[in-house]
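> Please arrange chain B on chain A, whose structure you already have, making use of the hints.
Here the protein sequences come in this chain order: A and B.
With the numbering used here applied, the first sequence corresponds to residues 3 to 481, in that order.
With the numbering used here applied, the second sequence corresponds to residues 73 to 136, in that order.
The set of hints was computed from the structure by calculation and includes no laboratory data.
It should be emphasised that the depicted structure is a prediction, and the values quoted were computed from it without experimental measurement.
C-beta atoms are modelled at their ideal positions from N, C-alpha and C, and glycine is treated no differently.
Among the clues, some could well be false.
[As the list claims (entries may be wrong)] Partner residues are not named here, just some residues of chain A that face chain B (Cβ under 7 Å, in silico): (1) Leu24; (2) Pro27; (3) Pro67; (4) Pro177; (5) Val180; (6) Gly296.
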Amino acid sequence: MSTLSFLDRSHSVAPPGFSRWLVPPAALAVHLSIGQAYAFSVFKIPLTQVIGVNHHVPGRDWEQPPLAWIFSLAMAFLGISAAVFGRWVEREGPRKAMFAAACCFGAGFFISAAGVWLHQLWMLYLGYGVIGGIGLGLGYISPVSTLIKWFVDRPGMATGMAIMGFGGGAMIGGPLAVRLMGYFADPADNGVAEAMVAMGVIYFCFMMFGAFLVRVPPEGWAPAGYVPKQQSAMITTRNLDPTTAIRTPQFWMLWVVLCMNVTAGIGILEQASPMVQEMFRGRVTPAAAAGFVGLLSLFNMGGRFFWSSTSDHIGRKPTYMIFLGLGFVLYVFLPNTGSHRLNSLTLFVLTAAVIMSMYGGGFATIPAYLKDMFGKNYVSAIHGRLLTAWSVAGILGPVLVNYLRKYQIEQRGVPPANAYSFVLYVMAALLVIGFLANLMVRPVSDRYFAAETGPARPADAATGGFPVQAAQPAPAGQE
Amino acid sequence: METKDAVQLDYGQPKVNNLPMLVVSWMIVGVPAAWGVTQTFKQSLNLFTAPPATATAATQPTSR
Numbered sequence: 003m004s005t006l007s008f009l010d011r012s013h014s015v016a017p018p019g020f021s022r023w024l025v026p027p028a029a030l031a032v033h034l035s036i037g038q039a040y041a042f043s044v045f046k047i048p049l050t051q052v053i054g055v056n057h058h059v060p061g062r063d064w065e066q067p068p069l070a071w072i073f074s075l076a077m078a079f080l081g082i083s084a085a086v087f088g089r090w091v092e093r094e095g096p097r098k099a100m101f102a103a104a105c106c107f108g109a110g111f112f113i114s115a116a117g118v119w120l121h122q123l124w125m126l127y128l129g130y131g132v133i134g135g136i137g138l139g140l141g142y143i144s145p146v147s148t149l150i151k152w153f154v155d156r157p158g159m160a161t162g163m164a165i166m167g168f169g170g171g172a173m174i175g176g177p178l179a180v181r182l183m184g185y186f187a188d189p190a191d192n193g194v195a196e197a198m199v200a201m202g203v204i205y206f207c208f209m210m211f212g213a214f215l216v217r218v219p220p221e222g223w224a225p226a227g228y229v230p231k232q233q234s235a236m237i238t239t240r241n242l243d244p245t246t247a248i249r250t251p252q253f254w255m256l257w258v259v260l261c262m263n264v265t266a267g268i269g270i271l272e273q274a275s276p277m278v279q280e281m282f283r284g285r286v287t288p289a290a291a292a293g294f295v296g297l298l299s300l301f302n303m304g305g306r307f308f309w310s311s312t313s314d315h316i317g318r319k320p321t322y323m324i325f326l327g328l329g330f331v332l333y334v335f336l337p338n339t340g341s342h343r344l345n346s347l348t349l350f351v352l353t354a355a356v357i358m359s360m361y362g363g364g365f366a367t368i369p370a371y372l373k374d375m376f377g378k379n380y381v382s383a384i385h386g387r388l389l390t391a392w393s394v395a396g397i398l399g400p401v402l403v404n405y406l407r408k409y410q411i412e413q414r415g416v417p418p419a420n421a422y423s424f425v426l427y428v429m430a431a432l433l434v435i436g437f438l439a440n441l442m443v444r445p446v447s448d449r450y451f452a453a454e455t456g457p458a459r460p461a462d463a464a465t466g467g468f469p470v471q472a473a474q475p476a477p478a479g480q481e
Numbered sequence: 073m074e075t076k077d078a079v080q081l082d083y084g085q086p087k088v089n090n091l092p093m094l095v096v097s098w099m100i101v102g103v104p105a106a107w108g109v110t111q112t113f114k115q116s117l118n119l120f121t122a123p124p125a126t127a128t129a130a131t132q133p134t135s136r
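Pulled out of the complex, with its shape left as it was, chain B reads as follows:
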């Protein structure tokens, strides 16, 4: 069991020397993900900010 205990202590826990790697890795995936979420969030705001369809239709030029 001594070996297994050593394994448990040595692996998996964030170490100080891992911190820059952790920050950079999470940023590499986090920044594009945040950008995508922001784009979608902006788009979803249309649901609450767009004028009612009837108002929009009234402002549309009529085609004959």
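Same shape as in the complex, but just chain A:
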């Protein structure tokens, strides 16, 4: 496969004079693309009107519940593929991983479009759900290690920038899909399949731009004038293999921290629109509630960059102490802003916005936390495994919120507007669990590092620090 050799890690080592500031746009190209997943809901209604074109035909058109599985599958395969392919991504390098992500994500759209044309729902499950989901996972972790190696002086900011792109991707994907469907629609077709094909092409090209642009730094590279800070016990200079890393208590403490932070955040995101309308009944229209959701998206995105950059200065553990400690206070305070107490929409919006910024910040700061704990060589692979916490939270958050709210209203007779209080208190309790887990994070014990074979050799540069199969002894006369 020499034609694809340009994808190899060894061919993506930066030439002299390469600016490291070219790497964040490469990462952003991928993350802005795969972030479209969060805007998949814009296809929800059009997919229920494929036969009827502008109305739903019961019995012939797809119903919403089975369509919801497409997004769920994509999220599940994001977590699974990030965990399973993390080592491969680390070994093969970011360019090959981005290329694979672009192929999967693009193919996911094409197969889904074919599924719409043929009206075969399983093709959407396979296309966007499974293959597209694998593209999401590969794309999500592909630039993480590379960014941390280039920005060893500001790892939080660098990974925050990329992961901010994932938050921003929905802001592009949503309006883009709406415009494309409008462009391709005609009296016989609602344009959803054509829009999917167009999006497949656009996102494939955009992600390939990232794949061509990305470069890995040469072994031993450091920014000019870079002087490592006075070493903190919480920042290791050694590297732990992903297999060993998941055996450490630190990995599982961080898993709990991420899971609790995301579960609580999803609790707000999931209910944002009905929550603001019911807590301020008569004051907030559905259009204004949609504006509230948009505002939360902006804070979710901005928080990713702000908090991860802040963590470079104040440290990862204190940053998560703020997320989980301040988060607890704000979650408890939020129900009091409603019309039955303080009756302040401004306070409600501000509180929810800060909560959302910390939700995004939790995602964006975790790769740098992993780098501090386990070293910079295998961050993508370890991060991939940690993302299973996201998958669990993705199920736990909505289930908890919906079940608890229903229980409050139906079993205890609580008015709908007040039923959010209990839900938010439960979310606050989850943050306490996360706070305690973060409190227990200590430097990784030397015995785990002792089990490692030693520091990465310069010869491992081309393999990302992974040991390669022992070379065969050269035949006599060729040594």
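Just chain B, lined up with the frame of chain A:
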């Protein structure tokens, strides 16, 4: 250490010949991102500009 020092000096710092590439690359990702943020910002303005729900309800035609 001489080799490592050379590596530190040669890589990673923006050079004049990198500038067009830097500008173009950041624009390729920056323009769509800015467009998306603008769309969302416009949508979020509804929170502050939409009339209260009661006023909206009063103007809605009643269905019988």
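> Among the hints numbered above, which are violated by the structure, and what are their numbers in rising order?
3 and 5
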